[in-house]
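Engineer: Each chain, written out:
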Amino acid sequence: MAEATGSISGLGRPGRSARGAICLCLFVLMLLAGLSCVIGVNQTSPLALLQDPEAAQLLLISRIPRTLAVILTGATMAVAGVIMQLLVRNRFVEPGTTGTNEAAMLGLLGATLLAPALPIFTKMLCAAVAALLGTLVFLALARRIPPQQPLLVPLVGLVYGGILAAAAGFIAFQADLLQYLAIWMSGEFSGVLSGRYELLWLAGLLAGLAYLVADQFTIAGLGEMASRGLGLRYGQVLGFGVVVVSLVSALVIVTVGVLPFVGLVVPNLVSRIMGDNLRDSLPVVAATGAGLLLICDMLGRLLRAPYEIPAGTVFGLFGAALFLVMLLRRPAHG
Amino acid sequence: MAEAALWRMRGRRRAPLDRRLLVLAGLLIGAAASFISWGLPWSDGAPSAYILQLRATKLAGLICVGTAIGLATVLFQTLSNNRILTPSIMGFDALFLLMQSVLVMMFGLASMAQLSGFAGFLLNAGVMMVAALVLFTGLLRRTRGDIQLMILVGVVIAVLLRTLAVFLQRLMDPSAFAVVQTRMFAQFGSIDRGALLAAAGVTLLATLWLLRRAALLDVAALGRDQARSLGVRYDRLQMQLLCIIAALVSVSTALVGPIAFLGLLVTSLAHSLMQSHRHALLLPASALIAAIVLVAGQTLFERLLQLQSSLAIVIEFCGGLLFILLLMRGKLR
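Protein chains in written order, with the working numbering: chain A, 1 to 334; chain B, 1 to 333.
Hints listed in this document are in silico derivations from the structure and should not be mistaken for laboratory results.
Computed from a predicted model, the values in this text were never measured in an experiment.
Some clues are possibly wrong.
[As the list claims (entries may be wrong)] In silico contact screen, one side only, chain B against chain A (beta carbon under 7 Å); selected entries:
| id | residue |
| --- | --- |
| 1 | Leu-152 |
| 2 | Val-153 |
| 3 | Val-155 |
| 4 | Val-156 |
| 5 | Val-159 |
| 6 | Thr-163 |
| 7 | Phe-167 |
| 8 | Ile-313 |
| 9 | Phe-323 |
| 10 | Ile-324 |
[Said to hold, decoys possible] Label pairs and their calculated CB-CB ranges:
| id | chain 1 | residue 1 | chain 2 | residue 2 | range |
| --- | --- | --- | --- | --- | --- |
| 11 | B | Val-102 | A | Leu-299 | 16 to 22 Å |
| 12 | A | Phe-27 | B | Gly-138 | 36 to 42 Å |
| 13 | B | Val-102 | A | Gly-195 | 38 to 44 Å |
| 14 | A | Met-225 | B | Leu-325 | 26 to 32 Å |
| 15 | B | Pro-174 | A | Arg-196 | 24 to 30 Å |
| 16 | A | Leu-299 | B | Asp-235 | 36 to 42 Å |
| 17 | A | Pro-147 | B | Leu-27 | 42 to 48 Å |
Cβ atoms here follow ideal geometry from the backbone N, Cα and C, with glycine treated the same way.
Assemble the whole structure, with the sequences as input and the hints as a guide.
Structural biologist: Structure (structure tokens):
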């Protein structure tokens, strides 16, 4: 890309203080992942692995894929949230409050109704295209909101999402697909087995690509005028960001369902501590998102064992409560 | 007291009934008549008594719900001092559903099922009132003067309450869940007769109480400080109004489930029709318009389009568009 941004990104490595934070986050995440592999209806311990081939089977088919799926989902949703927040220049947006999720659902519904025989990958593509369109419409709406009223942006997004959801609800009602819709609405991981979550790796790849251009996102977060002045091709970065956010949302919805608040709460928590330089904070954002979602998934497995509560519900609960605290405690000019 | 003076003022200035209200009432009667009579099966020269009774119950329910939503929304807009908030945007109906889940969880399915529709409704509404008072007086005080913050916090509270309800329902056993689930979606199809009776009583009482205090509400709409300096006991009034809003939301949610944007649609229409801030006009107008929208819409959906109970979804869609339009045109004060 432009030479100017090339020099800003420097060596392309996080600063020294950030490296410590990243290592710490990764370490905690490893611990949580290990815990997630042994928690469940069928208790396994690392010792049992050596003696019992069935335990190894369980681990390979169910536990490890599930843990990976949770990590990928949490990390990519958090990354999508932070990108969205920089692009809209508003702390309170995420794919769930911009209609992206609902648009993806509409696309998925359309694909399911019109061509039920399509392979899952094509359906995912339909959902992604719909999510892209939905996000672009939201961006057009958000541009018309005066910048002095930052809280209007998520409000418009929520209502806009509500309109899309109502449209999806109407179609699903007529076609008797409401139950189908309800499954997408609550993100959960109990259905994850090896062979049924691999699309999420694609989301992980996208998040990795986003990290490559993290500096340019950081600059884009300064606003269109400022970033053009600094030599950034604003339109390209914006387009790339929207594509990443839409694809990640579509992939996550197709594979595990809607997970509210992950993209909202995690970036806000991290940016309070680390600031907004994505080169430093993006790995921490991803690791925190993955870790928190892992905790919620494990809670969901433990609270009412042997039944499960969807991780999306658990996170929705804590996420909404945290968000409320952030709103009411925010400084006067935040 | 100044409040007494306001009461007297109302007595002196009794205007003749506004013509626009009469037109609305006429429209409602027309809609109701077509709802009852359109496609009514006749046997032996008389309409089928069973169908007639079914439709009459439904009609009463729709009018009751419309009145409740119209009144509650006007009141909430008066309290929050702006024109795009409604109780359901702020999570009142989510609170009602949550309270219902909590009641079923606490007392068990058996004791809840034993309650008749009548007693069950009153219990639910009572619990709802207490919960709404606790939650929303704090919220209104905390976010006073910052309407954007108030709305956003309200929306998030609504999400939180809804998620909490889902969470509790996950912990329930399936038969208890089935009881709660019937209340989750707006259903114009099945209305419980005992609950309808109680709801109609509550709505009627609330309507009478409010219409007698229309002038007082006009003053309260000026905002807390102004109203207080004019001698209104604002905080007490706010508490009373929150109670009434909670009761009215209980009426509509218990009968047909949550409908988020109907109130917004209706009060916008009422404002543009009446061109006035007087509650003596606004309250009846929005109650009538809401009832007309529901009855006419339901007639259209059931008889003409042969669609079942998707009216609520269409209302959500149109109401949502209106909301964004209002926001974009800067109606947020």
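Engineer: Give a verdict on every hint.
Structural biologist: So, going through the hints one by one against the coordinates:
1. With a least beta-carbon distance of about 5 Å to chain A, the hint placing Leu-152 of chain B at the interface is held under the 7 Å criterion.
2. For Val-153 of chain B, the shortest C-beta to C-beta distance to chain A is roughly 6 Å, which falls under 7 Å, so the interface hint holds.
3. Against a cut-off of 7 Å between C-beta atoms, the interface hint on Val-155 of chain B holds, since the closest Cβ of chain A lies about 6 Å away.
4. For Val-156 of chain B, the interface hint holds, since its Cβ comes within 7 Å of a Cβ in chain A; the closest pair sits about 5 Å apart.
5. Residue-level restraint check for Val-159 of chain B holds (minimum Cβ-Cβ distance to chain A is 5 Å; threshold 7 Å).
6. Satisfaction of the interface hint for Thr-163 of chain B is found here, the shortest Cβ-Cβ separation to chain A being roughly 4 Å, below the 7 Å cut-off.
7. A cut of 7 Å between beta carbons decides the hint on Phe-167 of chain B: the least distance to chain A is about 5 Å, and the hint holds.
8. A cut of 7 Å between beta carbons decides the hint on Ile-313 of chain B: the least distance to chain A is about 5 Å, and the hint holds.
9. Interface hint status for Phe-323 of chain B: upheld, as the beta-carbon distance to the closest one in chain A is roughly 5 Å, under 7 Å.
10. Residue-level restraint check for Ile-324 of chain B holds (minimum Cβ-Cβ distance to chain A is 6 Å; threshold 7 Å).
11. A hinted range of 16 to 22 Å holds for the C-beta pair Val-102 of chain B and Leu-299 of chain A, which are about 21 Å apart.
12. At roughly 41 Å, the beta carbons of Phe-27 of chain A and Gly-138 of chain B sit within the given window of 36 to 42 Å.
13. Range check, Val-102 of chain B to Gly-195 of chain A: Cβ separation about 41 Å, and the 38 to 44 Å hint holds.
14. Distance hint for Met-225 of chain A and Leu-325 of chain B: a CB-CB separation of about 29 Å, consistent with the stated range 26 to 32 Å.
15. Against the hinted window of 24 to 30 Å, the Cβ-Cβ separation of Pro-174 of chain B and Arg-196 of chain A comes to about 26 Å, which satisfies the hint.
16. The given range of 36 to 42 Å is respected by Leu-299 of chain A and Asp-235 of chain B, whose C-beta atoms sit roughly 41 Å from each other.
17. At roughly 43 Å, the beta carbons of Pro-147 of chain A and Leu-27 of chain B sit within the given window of 42 to 48 Å.
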